[in-house]
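Construct the entire structure; sequences and hints are all you get.
Here the protein sequences come in this chain order: H and Z. Counting in our numbering, the first sequence runs from 46 upward without gaps. Counting in our numbering, the second sequence runs from 55 upward without gaps.
The reader is advised that the hints may include incorrect statements.
Stated by the list, open to error - What follows is a set of in silico ranges between Cβ atoms, one per label pair, in the way DEER data are often shown:
no., chain 1, residue 1, chain 2, residue 2, range
1, Z, 235, H, 164, 45 to 53 Å
2, Z, 353, H, 117, 57 to 65 Å
3, H, 124, Z, 353, 23 to 31 Å
4, H, 164, Z, 617, 36 to 44 Å
5, Z, 145, H, 163, 48 to 56 Å
To be verified - One-sided and incomplete, this derived list gives chain H residues near chain Z with beta-carbon spacing under 7 Å:
no., residue
6, 117
7, 118
8, 120
9, 122
10, 125
11, 129
Just so you know, these hints were derived from the structure itself, not from any lab. Ideal Cβ placement from N, Cα and C applies to all residues, glycine included.
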Amino acid sequence: MAFERDLNLEATELRLGLPGTQESRSNKRSLPDMNIVDDQDHRSGSSRVIANASNATKSEEETTPPSKTQVVGWPPIRSYRKNSLQAKKSEAEASGIYVKVSMDGAPYLRKIHLNIYKDYPELLKALEDMFKFKVGNVCDDYFSGEYSESEGYNGSEFVPTYEDKDGDWMLVGDVPWEMFITSCKRLRVMKGSEARGLGCAV
Amino acid sequence: MSYSSLPEDVLEHVFSFVQSDKDRNVISLVCKSWYEIERWCRRRIFVGNCYAVSPRMAIRRFPEVRSVELKGKPHFADFNLVPEGWGGYVYPWIRAMAGGYPWLEELKLKRMVVTDESLELIAKSLKNFKVLVLSSCEGFSTHGLAAIAADCKNLKELDLWESDVEDPSGNWLSKFPDTCTSLVSLNIACLGSEVSFSALERLVVRCPNLRTLRLNRAVPLEKLAHLLRQAPQLVELGTGTYSADLRPDIFSNLAGAFSGCKELKSLSGFWDVVPAYLPAVYSVCSGLTTLNLSYATIQSPDLIKLVSQCPKLQCLWVLDYIEDSGLEALAATCKDLRELRVFPSEPFGDEPNVSLTEQGLVLVSEGCPKLESVLYFCRRMSNDALVTIAKNRPSMIRFRLCIIDPQTPDYLTLEPLDVGFGAIVQHCKDLRRLSLSGLLTDRVFEYIGTYAKKLEMLSVAFAGESDLGLHHVLSGCDSLRKLEIMDCPFGDKALLANAAKLETMRSLWMSSCSVSFEACKLLGQKMPRLNVEVIDESGPPDSRPELPVKKLYIYRTVTGRRIDMPGFVWNVGEDSALRLS
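As structure tokens, then:
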């Protein structure tokens, strides 16, 4: 029973595949020594590991973190559905190509990959780090401190803007993030008096 | 006057009120004359396994059929467990029906391989063809569809539910002649590439009886309003992509178009949803009975806003973005809910990405008194939750639970989930379909064998400890028709001890279990009316008889071994020795 506890604890790890398995399923099944162990082992992957001490899997398990083993047929999701979700993901990934970022007064432009950020605060932080400036305080779910929907970046010396699909220059932060990354063509961090003008009226 | 002296046409008239296959079959067993009368007036046949009977036999027995429904590959083919080329070809049936059922009106196929040649043959030979439903089929292209469009003068329904269609360039929709005005239902949601919008629009305009229109992803949102205004009588709509640049004029146009559709009961589609456009459908929500948001990647708050406006909802398909909070709102609003399916947004992720747990399902089971059909993907479950659900909803008919990590125990007690599922089968006496998951011992199968007397289909994965588990099911489940098992330690003993049971079932699938090749041979020899097919892509299974067979598909048949088996499928029957030498 204590052994079964072990099994259960391992099973509650969020991993795919049977506890103890690292390789793909089909490889496991065809190993001849699988048939020597009793039925119990069929289910309890960890015992398979313990029983076959010389099995390479054990050392793999010790040294490498649990990898994402995908068992064919599990979870039971139709390929049609899987492909749809995948298509959505890779579309999002493909469309978020590199965009140029310019900063007023900086001698050269930079390029960033928008998709690696998950929200505005992350993007702003990256811009701030890249160009060594500060937009303002940025908090968890949106902006706080310097940015507000009604007043823009009121009082800030630096204002992030972007050119959208229509060629218009827009204030970063107004539209939902998902929409932003699909419509943003390039970024420009405005500075100085021009920036202050933007910050007051939206 | 005794029953036997009633004139034939009277009996035929009486029989015509009996639609169900089961009842018709019973009628045909009463006596020889009833058998004869019944077979001449049967108008629809359902063949759950296309290899159970030959087309010739079916046509010979029922010569006046107008509607045929066929299923091909085993259910686990949906999850890539059946290799390509396994079978399920519809062509032999079409060829036979072209001659035998020239007045055939309806053909419904599921999980079959359909070729353009088959579609062209239908178009050419069946003059009164009206309904074509291709559900999860593959092997054909829009060329075949063009033939159907062009030649089926009375076409009412064309439904390509989740089929895999090749899309060579070619404007098949415009092949519908201008004289075609009979369409009632068109489902092209699965088509990958663009269809000509103008052809689509013209078709919609000239078909006043169109009730169902499911568009594909390529139809842009900006054009949807236009289409809706041409077909305000629609009852079922599948949108195309549901995103566009945020523009007030597009929004108001769309909202206006939706508000004109007073008959809408079912909505689907919603690919690439931009939440800002969701309110455009609010005007139809109060009448909605079916909502399929299973491709809509929107978050819980937007889902709640939508669902809270649909008090008449009976069927909801949604992604797990709905979370427990969304299911709570669902339970509070949708008191008429019969069916709920929650699909995983990130099934291959290591970590849960949403706050959806067993609680959501418990809440729905509490709040929705008519709930009878559940498909639920989640990452944790407890026996307590399952017991609660079972007690809340004893009228449950279909219960499919998928805990994403195999062999996940009760997260509270770390026990197996035997007791929980046991409660389900004990309380839900009319349960017809059950899918298990999580950590399960032989015990759960004992419960199932003891209580699940109406169970017709059981799906099992990574469960059980010994042959006893399989034996409980095969010996106890009186109504079992389909059993599919993957990765369970079930072997020869249970299978051979219950060989006769297999003839009372449609089929049994076992993959990655512990059945030996010897046992398969024995079974094949013992049971001539079963096809025992071993699937092994790496070579002849008898070359390594010490290993368990990889995949096994056993089904009852009256036609013997099939002749279209590919090289990796072996029929292990009586003459298997001859076959393999």
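- prompt: Broken hints, numbered, in rising order?
  reply: 2, 4
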